[in-house]
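So you can see what is in the structure, the chains are spelled out below.
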Amino acid sequence: MKHLNYPIYKEQIYYKTLDNGLKVYLIPKNDYNKTFVTFTTNYGSFDQSFIPIGKTRRVNQPAGIAHFLEHKLFAMPDGSDAFERLSSFGVRANAFTSFDKTSYLFSGTNHIKEALIYLLDFVQTPYFTDASVKKEQGIILEEYLMYQDLPEQRIYYGLLKNMYNNHPIHTEILGTDESIMKITAHKLYQAYHTFYHPSNMVLTVIGNFNKDEILSLIDENQRNKQYTLEPPIKRFLPKEPMRLAHREETIYMSVSMPYVGIGVKLKPKADLKALYKQSLTLSLIMDMYFGDGGIIYNDLLKKGIINQSFKYGIADYENALSIILYGMTPKEEDFKREIMTRLSGLKRRNLDQQAFIRQKKVMQGDFIRSLNSLEHYNITFMSLLSYGIYLFDVPEMIQSITLEDVYEMLKTIKRKYMTTFTILAKKDK
Amino acid sequence: MYIHSTKFKTNLISLRFKEVIDKKNIGLRAILPQVLSASSPLFNSRIKLSEALDDLYGASLTARTYKQGRLSIIEFSISFIRPAFINEPLLEKVLILLKDVIYGHKKLSKPEFDLEKRMAIEKILAFENDKTSFALSRLFDVMFTNDHYGLRPLGTVLDIESVTYEALNDYYHTFLKTGPDILLSGDFTTADRALINTYFKEIQQPLNPIDFIDKTHNYQIVSEVDQINQVKLNIGYLLPIRYTSNAFYKATIFNIIFGGAVHSRLFLNVREKHSLCYYISSSFDPYKGFIYLYAGVDKNRLDLAMKVIDEQLDDLKENFITKEELSMSKEVYINLLKEQEDHQSRQMDVSYIRNLLGLEGIDEAIKLINNVTIQDVNDIAKQVIKDTIYLLTPEVQS
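Protein chains in written order, with this note's numbering: chain V, 1 to 429; chain E, 1 to 398.
One or more hints might be untrue.
As the list claims (entries may be wrong) - Straight-line distance between alpha carbons at most 25 Å, and here's what the computed DSS-like set of lysine-lysine pairs gives:
hint, chain 1, residue 1, chain 2, residue 2
1, V, K113, E, K110
2, E, K215, E, K382
3, V, K302, E, K215
4, V, K10, E, K215
5, E, K215, V, K303
6, E, K123, V, K302
Honestly, the hints are just simulated from the structure, not real lab data.
The following block holds chain V by itself, in its conformation from the complex (with noise of 0.2 Å):
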């Protein structure tokens, strides 16, 4: 087992690559009650088109495969539901997908060895047939119309629908009606074999437990199990042109206040670490403009074009870089004029150095702050091992960002790379 240690954070971290190439990371907590325990794929709604495991010929599945998938794989040979099984345990399961993992997860303060083994357990039985592929198509739709009618929702991929023209973030992660529709068991054998293959998989424990023990209960559950070493995934993503696919749209909802969301599409790099670094770049200069001591979203909030709702965030994936800004606003043709402007404006305003300074002192707290909820600690840590970082790189990385390259990245949001989503109150009839 080998071991991280972070003196400065009073962090420790151990970690082993098993024979059949699982990932596994032991985070002891001991002065939690809780352990919380990831099992994740790096598979995710992107992850279409690939050569299947053993195949030399490239598939295209449907959209929102993975996110079945995830649903499915609950169900068990004997008839029995996974979820409810681990929940016997007296723990907290859940499971999520994203546009590039899927992972399975618990938290609990009792049993937490059983759970871990039998989450390896189920997650490593996958069990699908026509006729329950069938069912879980009916529950989805239910899913996805819930989505439907939350309006940031619809903002959110709306504005990535509009900024990208063939990157599969264009679509929901549930898939779209249709797509849904097309799932079969057959499909979701041929992406399980292939992602879900333990070395595309990180086995993630923080919390309260021993780590010399866990550990030997993991290697043993998996050297019992038949798995060969394969060679690493090959996955296709779409070339995406800069341009965006759509400059605008409107839809109407039952929304008792205009919703305007505004996206700027900017140009990824092809390094997955330095694309990170981009995103905090990012993060540093929106938080720093329009963070509650910002200049602009303090003047928009005395202008009455924005409120508490406004918010904003930064969409960093392979090959898709963007920032996203949405809120509800009495003057919808304001706010986007306002923040279009503003937003192309930021490479002719003059940094100021000390807020720049201010700023880094922020991400730094952040950065302490949220190690205190193991859950957030362990998704993050995981999330970074795909971009090739270790979670307390990031310190160091935000410390190394120079207004040069602040500059540098100011220069690239440009209006034309711009896109708004406008959600109207339905008239009355």
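Following the hints, put chain E in place on chain V, whose structure we already have.
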């Protein structure tokens, strides 16, 4: 109250001001903490206050008004990185800032008042866009029409609109007499605590959050229409048991089995077996003594969903639950109590409630949970009465 702990990277100081919720003060109490925490005499603009917090390694200041049972509570809290991780003592600067925000105002800022009033209204409008929470709050409106219990802590648009600048200035001084209770969590030395005491003085206000007046049973179905895709089904049930009652843990276990967990009857039958919804859940309110259920249901299968829900409750009344259901529910509940201790502000909230109610600590609570029997759960089920149904339904397409 001081919860000593070194497991979190942050220290947390929280001051709370409470009163029995009162219709005439709701608007005032919704806006006041927001105006106070927008800027203060020493940090006399939003930007300056925000920069001061940023200089403290992004200390996080929270000002909110929330409801705990029949109480309206205004909280100011500040969380900041412990000196162990940054080699810079922040405590005194934090105290100066917090004191100025709460006590420093001679007169409230008029521009901040105007801004916060507008934002309070827009916040209420925004809330209405989340149809799930909105429909649930409508259930409380119709279920507790003539009862304080239906009041929303952040008020209605009318409550906010009626607040004037003058009235808020007057209320500010009244408000200061309603507290504070002082709550600390983290790693403070004796000297730290003495320093805190020079800044703030605790004023004890022994108020009980429990509302002991039972709602009279009145079966009703209220249905409203909205432009949505899915029916939001909400049901209120009477269960006249309170937090401090002997039956509290029994009622909580009952609710976990009915709809409070993923192994619950509702989740397994309505969602998993019949695929009638994506979410369904029930909660027990131990301050007023009722259970509320909320679900998102396919509009063509609403009748079936309601029928299955009724069947599940009837079954719990007529038959005994299994041993497994009982032990699983106890595990879930105990786990929840222990996990709360791993979240700094949640741990503080829970300890605060237990303090207000004069309740036993977590170890004693676990003992009481383990004593709950199958018969107890059945006894509770028999006391549950379906009271109010509120439906938010999609418009019929013409």
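Pairwise hint evaluation, K303(V) against K215(E), where the allowed Cα distance is 25 Å at most
It is violated: about 46 Å lies between the C-alpha atoms, which goes past 25 Å.
CA of K215(E) to CA of K382(E), is that 25 Å or under?
holds, 17 Å
Check the hint pairing K123(E) with K302(V) against an upper bound of 25 Å on the C-alpha distance.
holds, 16 Å
Does K215(E) lie within 25 Å of K10(V) when you go C-alpha to C-alpha?
Violated. K10(V) to K215(E) sits at ~53 Å, over the 25 Å cutoff.
Holds or violated: K302(V) and K215(E), Cα atoms, limit 25 Å.
violated, 44 Å
Holds or violated: K113(V) to K110(E), with C-alpha atoms at most 25 Å apart:
The hint is violated at about 59 Å.
Comparing the model with each earlier hint shows violations of hints 1, 3, 4 and 5; every other hint is respected.
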